[in-house]
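Visitor: Go by the hints and put chain B onto chain A.
Those protein sequence lines, which keep their order, are chains A and B. If you read the first sequence in our numbering, its first letter stands for residue 1, the second for the next number, and so on. If you read the second sequence in our numbering, its first letter stands for residue 1, the second for the next number, and so on.
Possibly wrong hints are sitting among the right ones.
[As the list claims (entries may be wrong)] Here are the computed distance ranges between Cβ atoms for each label pair:
| id | chain 1 | residue 1 | chain 2 | residue 2 | range |
| --- | --- | --- | --- | --- | --- |
| 1 | A | P8 | B | H122 | 13 to 21 Å |
| 2 | B | G160 | A | E19 | 27 to 35 Å |
| 3 | A | P8 | B | K220 | 19 to 27 Å |
Because the hints were derived from the structure by calculation, they are not lab data. For every residue, glycine included, the Cβ atom is placed at its ideal position computed from N, Cα and C.
Chain by chain, the residues run as shown.
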Amino acid sequence: MKKHIHTPNGFKEEDYTTEEVAQAATDKTEIEKIIADQKTLDDKKASDKSAATTKLKALGLTDDEISALTGS
Amino acid sequence: MSEIRVTDIKGEDGSAAVNFSKGINISSGVCTATNFSGGGANLTALNAGNVSSGTLPTTRGGTGLTSLGAAGKALKVNSSANGLEYGDAGGMVKLYEYSSTGGSAVNSFTVNGYFDDSKYMHYRAIVSDVYTAANGNANQPSMRLNVSNSPVTSSSYVWGFDEAYASGHHNRGNGTGGRNSSITQLQGTWACRGNTYELQNFDIFFFNPTTTGLGAKFIKWTGHCHQHGDDGNRYTMASVATGALVTNSALTGFQIYSADGSNFTYKISLYGILK
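Chain A on its own, in the form it takes in the complex (with noise of 0.2 Å):
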């Protein structure tokens, strides 16, 4: 893995450190379970959303109108 270095002393390019490879693995455990979690939750918002709009749609709603009414 590559790093590049910028300051007012010069510009680096350097190989990453053997902390900062362990410090990449960790990052890269971190932002899959974020992104897990955010799946998770964007699942759940769109289940939530179309179970909204077949109850809409039963009473009678049509689609134009509950686009209207959601925003979407």
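Guide: Leaving out everything else, chain B in the frame of chain A:
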């Protein structure tokens, strides 16, 4: 009318200048002398290229200066308001600029050591044309802030943004349960890579990064990127975001990295806003 032809005219004592008490008209030719004295009120067609000494003052439309300032400096009124000088113009000053576009791709870059509390209060970093050539990893950038010249990796960051794309919105952030070890997402989960038009751009503003004594260092940013997905769908997104590092310490810089291991090229411009 008559004509006098001589080779030398002198005063009556043979050494003094000749007096022309009623003036003299030279209708053609050149009047040449080693020096001229007296008022120049009626001189016309003066050639500025022949001026070889002295300084034109501001009271006569000049600068009062005898030399040019350094590259990029502006001509401005000095702090005593009694003359002009070359220096930094008000507003934003470019502190650093770099482009790796077309060059080697990296997993991260750090910009450190440019914050100068004696001159600037806030800063602006424009990270543009972030580009990952290879398909595979997504290249969703994260960010850390530097204290004492190193990125802080403790769980001390809060962040959140609202992002518009196509007909939808994403709300992302560290949530309410705790802090993250980074500003984990600058643009969410868009996989901008492969095509040279799938670029990411971020306009990042640093609020008082060198202030000490208060408990957090805030940034705000807007994110702008385009994804041409593997499924053929094209999305363009814009986000409005804020983040902070909970710390009393002054910041010395920042790091942007790709947590999923993507390599990317980028451009960075850093500006300081003068106090």
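Visitor: When you take the CB atoms of A:P8 and B:K220, is the distance between them in 19 to 27 Å?
Guide: holds (25 Å)
Visitor: Starting from the range 27 to 35 Å, see whether the pair B:G160 and A:E19 falls in it by beta-carbon distance.
Guide: Since the Cβ atoms of B:G160 and A:E19 sit about 29 Å apart, the hinted range of 27 to 35 Å holds.
Visitor: Taking the Cβ atom of A:P8 and the Cβ atom of B:H122, is their distance within the range 13 to 21 Å?
Guide: holds (19 Å)
Against the hints set out earlier in the document, no violation occurs for any number.
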